[in-house]
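Using the hints, put the two standalone chains together into the complex.
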Amino acid sequence: MDSESVFNQPSHQQINDFIKGDPVAVDEVVNILLPQISRWAIKKYSMLPVDEVQSEVHLVFAETCRNHKKYDPEKSQLTTYIINLLKLRMRTLYQKHKQQEPVESIDDYEKMPNPMYNESQSKAQLSNLDRERYFVEVEFQLNGQEREFFALMQQGEKKVEIFIHILKKYGLSNSESDVKNAKEKLLRKLKKIADEKGFSFEDLSE
Amino acid sequence: MSKNLNLSDQQFMEGWYQFSSTQSGFIGDLLRLLRVRQKMSENQQRKEFGVDKSNFLRLQGMMLPRPHQFIKDARRIAETCQVSNINVFVNALLLARKLSQSNVSEQDSSLTIPKSQQAYQAAFDEDDSLETDSDDHDAE
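Those sequence lines, one after another, are chains A and B. This note's numbering numbers the first residue of the first sequence as 1 and each following residue consecutively. This note's numbering numbers the first residue of the second sequence as 1 and each following residue consecutively.
In isolation and in its complexed conformation, chain B is listed as follows (with noise of 0.2 Å):
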């Protein structure tokens, strides 16, 4: 216990960004979401970002930019842990929070049957359902 009351403001600030970056709501979220389309690590996409894994972890521990000025939050976010490459950040940002919003639309429509599955029913037809007729198969 006093191991813990001995803990440094940055290293109850570092707990803190670890479970933070893991939350709905919060930037770590959406960029692990990115991750996993782009195939990339975690570091590959810091280095990518021009950011240290010390302000990489407090980036993704923060809130996610305000919808009605998303732009503006994300590069002041940017700023404030010192990313080198702010526009790929920025624009990682809304590619990540356009795939999140895709994820949602297609979870709604997860019930409809698509239509190309519709279309290769009739490969799976009884034969005898299926039109025969000798005399194409008749050369002439």
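Pulled out of the complex, with its shape left as it was, chain A reads as follows (with noise of 0.2 Å):
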């Protein structure tokens, strides 16, 4: 599982704003938010072309922003908000990117330069492949309390009451010892997922 570094967040004060629907809050939180969230996306769907990735980014801060008011900070964090909403989006994006991938054909793969020659290049761009479908697969086989605390595990979320608050969302138990059950049992479903699709979870986890 890739371990993605903490987001920085807005202030208290400038979220209420920006739920007010202030536009100079607005663009104070799209101003720290953006940049961050769009690096993280480049990189996390690098087998994607970058300037899409970039406009679905782009259409879901603008969704975000002119649906201000349905942000609750209660529920998650902005940035696992708004990258929730990506994900979905980059789904959507990936599949018509993968409708396209040409059918592979002997033909097609003896007209490759160096097939299997650079073994350790071929090894990355295996993985990196297998990392996004295996991505695709996990988003569509989790349920929502396991799809937040994946997202949240991804961007290094440390702190237990925003673990505990997710469960309690759901109507589940909310101790400090049913959220690390509840990891274990995920990282369990994600393993499985991983044997299941063929892929070394370790390997994905780099």
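If you're looking for bench data, these hints aren't it; they were derived computationally from the structure. Take the hints with a grain of salt, since some may be wrong.
Said to hold, decoys possible - Pairs of lysine to aspartate or glutamate, DMTMM-like flavour, derived with a Cα cap of 20 Å:
| no. | chain 1 | residue 1 | chain 2 | residue 2 |
| --- | --- | --- | --- | --- |
| 1 | B | LYS72 | A | ASP17 |
| 2 | B | LYS72 | A | GLU146 |
| 3 | A | LYS180 | A | GLU157 |
| 4 | A | LYS44 | B | ASP9 |
| 5 | A | LYS43 | A | GLU157 |
| 6 | B | LYS72 | B | GLU42 |
| 7 | A | LYS180 | A | GLU137 |
| 8 | A | LYS158 | A | ASP178 |
| 9 | A | LYS43 | B | ASP9 |
| 10 | A | LYS96 | A | ASP51 |
| 11 | A | LYS44 | A | ASP17 |
| 12 | A | LYS96 | A | GLU52 |
Quick look at the structure:
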């Protein structure tokens, strides 16, 4: 699993004013979050064209700004909220590109430059592709609570209170040990998905 | 890809402002409407407000003032973007808002035939239906 750095967050006051639709506060929040999330998205979805990834980031931010009242800071951090919206869009974009991939044939394979001679490079490319396919599959198979946990764990979130809040939101018990159990259960599920797809979970986690 | 990762925050924000200024709900959309009506270029409008290019881009990429405190928000936006002629900007935004609202009402009435068109219909009536009185033409 990719370990992402924790995002710098807007202040509570900026968030409150953002929700009220204060245009100056909205601009401040976008200034804080957009560059960070753009870099994160470009890196995470490295197999997709950068300008298309950037375009999706812009669309999600525009949607979030216009619907500023919809964001509830009690439910999640704004970065988590935005990233969850972005992932839904990226899933569609990824599927679109997947459908456009040429069908592999022996002719296509033979035309590839230096097929299999540069093993380390081929392995790196294959791992990136596997990684992206894996994460798309994970998005499909996880339930709501597991998706939110997964997103937070990817961001490197450490605060137990945030995980407890998610458990509470889904009507689950909310002690620290339950958070630990939920994380372990999620990791087992992620490993199982990797095994089913024939991937090495340890390699995907690097 | 690595080139985009190395973009500065400022460059990411420029990309955002260029995008958001074309979206509904953002100031650029409204200012564009005003420029079309006033037959003004973007540069002319920028100079009218007394703002540099970089801040003008930011100004256009910001969300519209809230309806219930439109003027107050517009002033704060102008101050944030270092607009020199704040009153000119605020008035322009008020006018643009009015134009935008009148555009909407014009579209609503587009299905009815305006009275001006109805009045001219008589000009196309058949000659036979027109009354003719040769006595009118005789000079007495």
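Hints, one by one, checked against the model:
1. LYS72(B) / ASP17(A): holds (15 Å)
2. LYS72(B) / GLU146(A): violated (44 Å)
3. LYS180(A) / GLU157(A): holds (13 Å)
4. LYS44(A) / ASP9(B): The given pair, whose Cα atoms are some 18 Å apart, holds under the 20 Å limit.
5. LYS43(A) / GLU157(A): At roughly 19 Å apart (the allowed maximum being 20 Å), GLU157(A) and LYS43(A) satisfy the hint.
6. LYS72(B) / GLU42(B): Between LYS72(B) and GLU42(B) the Cα gap is close to 24 Å, so the pair fails against 20 Å, i.e. violated.
7. LYS180(A) / GLU137(A): violated (24 Å)
8. LYS158(A) / ASP178(A): Cα-Cα ~15 Å, so holds.
9. LYS43(A) / ASP9(B): holds (16 Å)
10. LYS96(A) / ASP51(A): With a Cα-Cα distance of about 15 Å, the restraint between LYS96(A) and ASP51(A) holds, given a limit of 20 Å.
11. LYS44(A) / ASP17(A): Violated, at about 30 Å.
12. LYS96(A) / GLU52(A): Given pair LYS96(A), GLU52(A) holds - Cα atoms ~12 Å apart, limit 20 Å.
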